[in-house]
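Participant: Sequence:
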Amino acid sequence: MDAALTASLEDFKKTATQLGEEVAFKHFPQKLLELQKLIESTKDPKSPYHPEHIGTLTDATVYPPPPPPTQNGKTSKKRKLEDGAELSNTVSDTQHARYPETVYANKHLPQLHSVLKKECEDLIALTDKVKLWISLTMPKIEGGDNFGVQIQEEVVSELARSQESAVNLRDSARNDYLARAKICAKLIKYPNIEDYALALKEHDDNQFYLARQHLTDLRNLYAVLTDLIHKNIAKIRAPKGNGGMGLY
Numbered sequence: 001m002d003a004a005l006t007a008s009l010e011d012f013k014k015t016a017t018q019l020g021e022e023v024a025f026k027h028f029p030q031k032l033l034e035l036q037k038l039i040e041s042t043k044d045p046k047s048p049y050h051p052e053h054i055g056t057l058t059d060a061t062v063y064p065p066p067p068p069p070t071q072n073g074k075t076s077k078k079r080k081l082e083d084g085a086e087l088s089n090t091v092s093d094t095q096h097a098r099y100p101e102t103v104y105a106n107k108h109l110p111q112l113h114s115v116l117k118k119e120c121e122d123l124i125a126l127t128d129k130v131k132l133w134i135s136l137t138m139p140k141i142e143g144g145d146n147f148g149v150q151i152q153e154e155v156v157s158e159l160a161r162s163q164e165s166a167v168n169l170r171d172s173a174r175n176d177y178l179a180r181a182k183i184c185a186k187l188i189k190y191p192n193i194e195d196y197a198l199a200l201k202e203h204d205d206n207q208f209y210l211a212r213q214h215l216t217d218l219r220n221l222y223a224v225l226t227d228l229i230h231k232n233i234a235k236i237r238a239p240k241g242n243g244g245m246g247l248y
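Counted from 1, the sequence shown has number 240 at position 240 by our numbering; the numbering is strictly sequential.
Among these hints, one or two may not hold up.
The calculated EDC-like cross-link candidates involving lysine to aspartate or glutamate, where the alpha carbons are at most 20 Å apart (straight line), are [what the hints assert, rightly or not]:
| hint | residue 1 | residue 2 |
| --- | --- | --- |
| 1 | Lys-186 | Asp-128 |
| 2 | Lys-140 | Glu-154 |
| 3 | Lys-46 | Asp-205 |
| 4 | Lys-26 | Glu-158 |
| 5 | Lys-131 | Glu-101 |
| 6 | Lys-26 | Asp-227 |
| 7 | Lys-240 | Glu-101 |
| 8 | Lys-189 | Asp-128 |
| 9 | Lys-118 | Asp-171 |
| 10 | Lys-117 | Glu-34 |
| 11 | Lys-13 | Glu-101 |
| 12 | Lys-118 | Asp-128 |
| 13 | Lys-131 | Glu-52 |
| 14 | Lys-186 | Glu-158 |
| 15 | Lys-129 | Glu-22 |
| 16 | Lys-129 | Glu-101 |
| 17 | Lys-43 | Asp-171 |
| 18 | Lys-231 | Asp-205 |
| 19 | Lys-107 | Glu-202 |
| 20 | Lys-131 | Asp-205 |
| 21 | Lys-129 | Glu-10 |
| 22 | Lys-129 | Glu-153 |
| 23 | Lys-117 | Asp-171 |
| 24 | Lys-46 | Glu-34 |
| 25 | Lys-182 | Glu-10 |
| 26 | Lys-117 | Glu-164 |
| 27 | Lys-231 | Glu-21 |
| 28 | Lys-13 | Asp-128 |
| 29 | Lys-107 | Glu-52 |
| 30 | Lys-182 | Glu-101 |
| 31 | Lys-182 | Glu-164 |
| 32 | Lys-43 | Asp-227 |
| 33 | Lys-129 | Asp-11 |
| 34 | Lys-186 | Glu-10 |
Using C-beta positions, here's what the derived DEER-type ranges look like [to be verified]:
| hint | residue 1 | residue 2 | range |
| --- | --- | --- | --- |
| 35 | Glu-22 | Pro-110 | 12 to 20 Å |
| 36 | Phe-12 | Pro-45 | 31 to 39 Å |
| 37 | Lys-107 | Pro-45 | 44 to 52 Å |
| 38 | Lys-26 | Pro-64 | 53 to 61 Å |
| 39 | Pro-67 | Lys-117 | 34 to 42 Å |
| 40 | Lys-37 | Asn-168 | 23 to 31 Å |
Since the hints were made in silico from the structure, they are not lab data. Just so you know, even glycine gets a beta-carbon here, dropped at the ideal spot from N, CA and C.
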């Protein structure tokens, strides 16, 4: 490589090292404490995570379909725009549905899912920076003392596992909506079976519990990563150093 390209690569590595260490020693501890504060705030009745919301979460009522849009007693198929053009009237979402009745979505849980998704995305982005930093500090593969490299590899693996956990947690909203939709479909089809209404309430109750638990899961991921990196920082920075120390 020419000198300019080599210099650019070195600058990239220095920047990656700076960002990685900043995450490990600043952002990881900060996020750990922020999540701990959020977890403690769930005891406040004003918190959206407070258990008192459980009783108001679910509306298991099956509502009749809305009437079709009418104009002067007749169904309106088209309407005039200001410039004289015609536009087909918006077709009701339930007009061609096999079961046009409605069960309303849970209005409370989406805000909890939004918080979790943001926290998961933050964790994924931060772990990417630390993984890159540690990977770039790995020495050339050769014989001799590779114990420090093994520690680096173990830390990178733990970062990857945490990242995978965050990806799975981020998908919990989609899984919630799909599972809930299936119960609602059964409830609309068989409104006389009370167990479907009870199942819907239990589903929402479980999702509310998981929304709180996932905050603890993320807090624990940050705690483990912070502790692991801080205890092994000497070997992470200088993997080819004295091999007498083990992974904590």
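Participant: The structure should be examined with respect to each hint, and the outcome stated for every one.
Facilitator: Cross-check of the supplied hints:
{"no.": "1", "hint": "Lys-186 / Asp-128", "result": "42 Å, violated"}
{"no.": "2", "hint": "Lys-140 / Glu-154", "result": "17 Å, holds"}
{"no.": "3", "hint": "Lys-46 / Asp-205", "result": "18 Å, holds"}
{"no.": "4", "hint": "Lys-26 / Glu-158", "result": "19 Å, holds"}
{"no.": "5", "hint": "Lys-131 / Glu-101", "result": "50 Å, violated"}
{"no.": "6", "hint": "Lys-26 / Asp-227", "result": "13 Å, holds"}
{"no.": "7", "hint": "Lys-240 / Glu-101", "result": "68 Å, violated"}
{"no.": "8", "hint": "Lys-189 / Asp-128", "result": "46 Å, violated"}
{"no.": "9", "hint": "Lys-118 / Asp-171", "result": "12 Å, holds"}
{"no.": "10", "hint": "Lys-117 / Glu-34", "result": "15 Å, holds"}
{"no.": "11", "hint": "Lys-13 / Glu-101", "result": "59 Å, violated"}
{"no.": "12", "hint": "Lys-118 / Asp-128", "result": "16 Å, holds"}
{"no.": "13", "hint": "Lys-131 / Glu-52", "result": "41 Å, violated"}
{"no.": "14", "hint": "Lys-186 / Glu-158", "result": "42 Å, violated"}
{"no.": "15", "hint": "Lys-129 / Glu-22", "result": "9 Å, holds"}
{"no.": "16", "hint": "Lys-129 / Glu-101", "result": "49 Å, violated"}
{"no.": "17", "hint": "Lys-43 / Asp-171", "result": "26 Å, violated"}
{"no.": "18", "hint": "Lys-231 / Asp-205", "result": "39 Å, violated"}
{"no.": "19", "hint": "Lys-107 / Glu-202", "result": "16 Å, holds"}
{"no.": "20", "hint": "Lys-131 / Asp-205", "result": "37 Å, violated"}
{"no.": "21", "hint": "Lys-129 / Glu-10", "result": "16 Å, holds"}
{"no.": "22", "hint": "Lys-129 / Glu-153", "result": "15 Å, holds"}
{"no.": "23", "hint": "Lys-117 / Asp-171", "result": "8 Å, holds"}
{"no.": "24", "hint": "Lys-46 / Glu-34", "result": "18 Å, holds"}
{"no.": "25", "hint": "Lys-182 / Glu-10", "result": "54 Å, violated"}
{"no.": "26", "hint": "Lys-117 / Glu-164", "result": "14 Å, holds"}
{"no.": "27", "hint": "Lys-231 / Glu-21", "result": "14 Å, holds"}
{"no.": "28", "hint": "Lys-13 / Asp-128", "result": "14 Å, holds"}
{"no.": "29", "hint": "Lys-107 / Glu-52", "result": "15 Å, holds"}
{"no.": "30", "hint": "Lys-182 / Glu-101", "result": "14 Å, holds"}
{"no.": "31", "hint": "Lys-182 / Glu-164", "result": "27 Å, violated"}
{"no.": "32", "hint": "Lys-43 / Asp-227", "result": "27 Å, violated"}
{"no.": "33", "hint": "Lys-129 / Asp-11", "result": "15 Å, holds"}
{"no.": "34", "hint": "Lys-186 / Glu-10", "result": "60 Å, violated"}
{"no.": "35", "hint": "Glu-22 / Pro-110: 12 to 20 Å", "result": "33 Å, violated"}
{"no.": "36", "hint": "Phe-12 / Pro-45: 31 to 39 Å", "result": "50 Å, violated"}
{"no.": "37", "hint": "Lys-107 / Pro-45: 44 to 52 Å", "result": "18 Å, violated"}
{"no.": "38", "hint": "Lys-26 / Pro-64: 53 to 61 Å", "result": "56 Å, holds"}
{"no.": "39", "hint": "Pro-67 / Lys-117: 34 to 42 Å", "result": "37 Å, holds"}
{"no.": "40", "hint": "Lys-37 / Asn-168: 23 to 31 Å", "result": "24 Å, holds"}
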